[in-house]
Amino acid sequence: MRSRTVQGTVAIAATASLALAACGGAGGPQSGGSSKLTDDKLVIGLLNDQSGVYKDLSGPNSKVAIEMAIEDYKAKYGDKAVAKDIEVVTADHQNKADIANSKAQEMYDRQKADIILDVPNSAAALAVATQAKNKKKLYINIGAGTTALTGASCNKYTFHWAYNTSVLARGTAGTITKAGGKKWNIVYPDYAFGQDMNKSFTKEITTAGGTVGQSIASPFPSDNFATFITKAGEGDPDVIGSMHAGGDLINFVKQFNQSSLKGKVQLAVGLMFITDIHSLGVDQFAGTQFTDAWYWNFDAQNKKWADRFKEKTNTRPSFAHAANYSAAMNYLEAVQEAGTDDADTIVGKLEGKKINDVFLRNGEIRKADHAVIHDVYLAKVKSSAPEEWDYEDIEKTIPASEAYGEANPACSMS
Amino acid sequence: MSEQMTAKVDVDLAQPSILSRRNPLRYVMLLAGLAVLVMLPYWIYPPVAMDILCWGLFAISVDLLLGFTGLLSFGHAAFWGGSAYCTGLIATHWGVPFPVAVIGGAVFAMLIAWPIGYLSVRRTGIYFAMVTLAFAQMLYFIANQARDLTGGENGLQGIPRNFFGIEAVETDPFYFYYVGAAMILVGILVAWRVVNSPFGRVLTAVRDNPARARALGYDVERYKITVFIISAGLAGLAGGVFAVSHQFASLQELMWTTSGKVVLITVLGGIGTLWGGLVGAGVVVTLEDYLASSGFEGIGLITGTIFVVIVLLFRHGIWGTARNVLRRYVLERRGRQRD
Numbered sequence: 003m004r005s006r007t008v009q010g011t012v013a014i015a016a017t018a019s020l021a022l023a024a025c026g027g028a029g030g031p032q033s034g035g036s037s038k039l040t041d042d043k044l045v046i047g048l049l050n051d052q053s054g055v056y057k058d059l060s061g062p063n064s065k066v067a068i069e070m071a072i073e074d075y076k077a078k079y080g081d082k083a084v085a086k087d088i089e090v091v092t093a094d095h096q097n098k099a100d101i102a103n104s105k106a107q108e109m110y111d112r113q114k115a116d117i118i119l120d121v122p123n124s125a126a127a128l129a130v131a132t133q134a135k136n137k138k139k140l141y142i143n144i145g146a147g148t149t150a151l152t153g154a155s156c157n158k159y160t161f162h163w164a165y166n167t168s169v170l171a172r173g174t175a176g177t178i179t180k181a182g183g184k185k186w187n188i189v190y191p192d193y194a195f196g197q198d199m200n201k202s203f204t205k206e207i208t209t210a211g212g213t214v215g216q217s218i219a220s221p222f223p224s225d226n227f228a229t230f231i232t233k234a235g236e237g238d239p240d241v242i243g244s245m246h247a248g249g250d251l252i253n254f255v256k257q258f259n260q261s262s263l264k265g266k267v268q269l270a271v272g273l274m275f276i277t278d279i280h281s282l283g284v285d286q287f288a289g290t291q292f293t294d295a296w297y298w299n300f301d302a303q304n305k306k307w308a309d310r311f312k313e314k315t316n317t318r319p320s321f322a323h324a325a326n327y328s329a330a331m332n333y334l335e336a337v338q339e340a341g342t343d344d345a346d347t348i349v350g351k352l353e354g355k356k357i358n359d360v361f362l363r364n365g366e367i368r369k370a371d372h373a374v375i376h377d378v379y380l381a382k383v384k385s386s387a388p389e390e391w392d393y394e395d396i397e398k399t400i401p402a403s404e405a406y407g408e409a410n411p412a413c414s415m416s
Numbered sequence: 171m172s173e174q175m176t177a178k179v180d181v182d183l184a185q186p187s188i189l190s191r192r193n194p195l196r197y198v199m200l201l202a203g204l205a206v207l208v209m210l211p212y213w214i215y216p217p218v219a220m221d222i223l224c225w226g227l228f229a230i231s232v233d234l235l236l237g238f239t240g241l242l243s244f245g246h247a248a249f250w251g252g253s254a255y256c257t258g259l260i261a262t263h264w265g266v267p268f269p270v271a272v273i274g275g276a277v278f279a280m281l282i283a284w285p286i287g288y289l290s291v292r293r294t295g296i297y298f299a300m301v302t303l304a305f306a307q308m309l310y311f312i313a314n315q316a317r318d319l320t321g322g323e324n325g326l327q328g329i330p331r332n333f334f335g336i337e338a339v340e341t342d343p344f345y346f347y348y349v350g351a352a353m354i355l356v357g358i359l360v361a362w363r364v365v366n367s368p369f370g371r372v373l374t375a376v377r378d379n380p381a382r383a384r385a386l387g388y389d390v391e392r393y394k395i396t397v398f399i400i401s402a403g404l405a406g407l408a409g410g411v412f413a414v415s416h417q418f419a420s421l422q423e424l425m426w427t428t429s430g431k432v433v434l435i436t437v438l439g440g441i442g443t444l445w446g447g448l449v450g451a452g453v454v455v456t457l458e459d460y461l462a463s464s465g466f467e468g469i470g471l472i473t474g475t476i477f478v479v480i481v482l483l484f485r486h487g488i489w490g491t492a493r494n495v496l497r498r499y500v501l502e503r504r505g506r507q508r509d
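As given, the protein sequences belong to chains A and B, one line each in that order.
According to the numbering used here, the first sequence holds residues 3 to 416 in order.
According to the numbering used here, the second sequence holds residues 171 to 509 in order.
Bear in mind the hints are in silico, worked out from the structure with no lab data behind them.
Where hints are given, some of them may not hold.
[As the list claims (entries may be wrong)] Derived, one-sided and incomplete: chain B residues facing chain A with beta-carbon distance under 7 Å:
#1 G325
#2 S420
#3 I469
[Stated by the list, open to error] Here are the computed distance ranges between Cβ atoms for each label pair:
#4 B:W362 with A:Q260: 53 to 61 Å
#5 A:K205 with B:F369: 32 to 40 Å
#6 B:V500 with A:P223: 47 to 55 Å
[As the list claims (entries may be wrong)] To be clear about the criterion: a stretch of chain B counts as covered by chain A if any three or more of its residues have a C-beta under 8 Å from a C-beta of chain A, and this derived list gives those stretches:
#7 236-247
#8 496-503
Positions of the beta carbon are idealized from the N, C-alpha and C atoms, including for glycine.
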C-alpha cells in the first residue's frame, strides 16, 4: 500500500517535471544576437590545474599570460579593435576529468566562453574536446601531451598548440641517436603513456640508425627503481632513456644519480618540464637531455617576453605560459581579421595559418589534423644555474617538419 | 572497528520512527523531496545536479553496507567505475539506448561483486575494508593495462547518449537530467525497500549481533553477500548514469580516492540514515563545483576542514543530527500534550 502511494507520487512528479521542462526550456539553445560578437564581448575560458601537480607548469600564471595577450591586442588595434570587452574566466579542474567536463560545459553554456584554453591531463583534455565538438565552440589545448587530440579524437573545433608525445620522441630519441648515442636501453612505466613513449622512442632510435638493447617495464607508480637502473646499465649502453613523468621521474633521476652509472652513461628523459628541474634542483638533473617546446632564455625575443612576465608574476615562464599567450593572441588576431566571434569562421581563419611569434617559430596551424607545428629544442640541463630558472642549454633546434612529421592519419575531421 | 562505528547508530534505529505511516508530515517531506529533485536543474547547473544524484545514490549504496549491515567497504569504486566502463563499452559498441547500457553496467557490477563479496564478507571491520580496497585496486590496474578496451589513462571517451532518437535528451543536459534522475530514483526506491523489509531487519540484526542472528537460524554470510551484491548493483547504476552524463569513463572512477570520497559523503550525510547520502552528496559536489571556479587554491583544505567539523560536532551526520532535533521536538510536544 505504502509503496504504491510512493510509486504514484513518483509518476505524477515525473510527468509534472517533463511538462515543466517542455514549457520552461531553461536549457534550450539560445539564439545569437545581432551584434558581431555574441553578448557584445569575448570570453576566454582558462581551464587547468590550479592546485595540484601542474600548478606551476601552467596554473594561475597562465591567466597572467592570457591577460598579457589581451593587453597587446588592445595596444595594437586601439579603437579599431573588434573585441573591446574581453573577459577571462578560470576554473580549476584538479586533474579530474569529470570536473573538467562539467566546467567546460558550464563555461561554454553559462559563462558564454568563446574559447577554452590549456587543459592539462590527457583524460580531461579529451573530455573537453568532446564538449567543444558538441557545442561547436573553439578549444585550444596546450598542457596535455596525448596524440589522440590530433588523432582519433580530433575534431573541427579542437587545436593542439604546444607539443605532443611523438614530438618528444622524435626530438630526443632521433636527435641524440644521430649525434652518436647509438646504443640505448629504455626504462618505461607500465601504463599507456609509458608504453606509447617506449614504442615511439624505439621507432625513432632504429630509424636514426641506433639500437635498443632492452626495454624494461617498471611498475607504475613506484618509488624504488634500483633494480631497473641496474638492469638498464647492463650491455654497456651509450644512453639510458627514462620515460617516467612527474614524481616517478624525480625518483628515477635521484636513484640514477646515486648509482655507479652517473657520469658513464648519458641520461635522456622522455617528458620533462622546467618545473621538474626547479623542484628537484638543477644539480640533480645536470647533463640530462630532453626536448623542450620553448625556453625563456633562448633568444632576445623570448627573454624580453619573459622579463615582462617576471614583472607581473615574479617567476620565469614555462613553455605552457608562452603557449597560452600565443594561443590567446592568435585567437584574438583571428577574431580581428574575421570581424566576428563565430566559431566556424574563426576555424577557417586559423586553419593553415603560418605564424612566427614569441612562442611559435616557423609555426603553422596544420589543416589536416589541427596540430600546431613549430620548431622545438633539444635541451641539456646545466650543471649550475647562473640565475633562478636559468637551467637549460639549448643544444639544437629541431625544425618543425622534422619534429612533427606527417599529419596524423588517424584523424578525420568530418 | 565496525562495532564501534555501528554502536552509536543502532540506538537511533532501535527507536520507532517518529514519522509513522499515518503522520501527514511524512508525506509532506516526501513531496518536498520530490519537488527538490524536480527543481534541482533550475537552481543548479544541470550536469552538476546530475552529479549530485549519482554521488547520492552511490553514497546510499555504501550506507546500505556501512549503516545497515555494519560493513565498511573501502573499494566501492570498483563497482561504480566497473559499471562506468561497462556502460560505456555497451553504449559505444552496440549503440543501444543509454538506459539499457546503464542496466548492463549495473548487472556487470553485480557479477563482479559476487566473487568479491564471497571472499570478503568473511571478514569484518578493518579487514573487510582492506580486502575490498585490494580488489578495487586490482580492477584499477586491469583497466589501466587493458588500454585497447578502456583507453588507459586517456579514458573511454565519447560515449554516445542514445535515447530512442529524442534529440533533447541526447544533447541537452537539462532534459537528460530528468531521464537520469528517474533511473537514480528507481535505485533509491530499491534501497529503501531493502531497508524497510524483513530482509532489512535481518541485516540490522546481523549488524548488531551476528552471533545471535546465527543462533536464530539466519545464514549470516549469505545475507551479507546478498546485500553486498545489491549495494554493488546500486553503485553500478549510479556509476553508469554518471558515465553517460559525462560521456566518458576515466581511471579516476576506479581510483581509491573515489572510494574514499563516497565514504566521506556517507559519513557527512549520516551513517544509517539512507537519505543522508543525498544530502552529503549535495554538499560535497556543490562545494567542489563552487571552489573549482573560485580561484582558491586549497580545495582539499576546505573539504577536509568541513569533514573534521562535522565528525567532531555532528556525529550523526547532517541528516542524523536534523532527525534527532526533530525527534526531540516531537517527543517534547507529545510529552507536553500528555501532561
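To see whether the hints hold, each was checked on the structure:
{"no.": "1", "hint": "G325", "result": "holds, 4 Å"}
{"no.": "2", "hint": "S420", "result": "holds, 4 Å"}
{"no.": "3", "hint": "I469", "result": "holds, 6 Å"}
{"no.": "4", "hint": "B:W362 with A:Q260: 53 to 61 Å", "result": "holds, 59 Å"}
{"no.": "5", "hint": "A:K205 with B:F369: 32 to 40 Å", "result": "violated, 59 Å"}
{"no.": "6", "hint": "B:V500 with A:P223: 47 to 55 Å", "result": "holds, 53 Å"}
{"no.": "7", "hint": "236-247", "result": "violated (count 0)"}
{"no.": "8", "hint": "496-503", "result": "violated (count 0)"}
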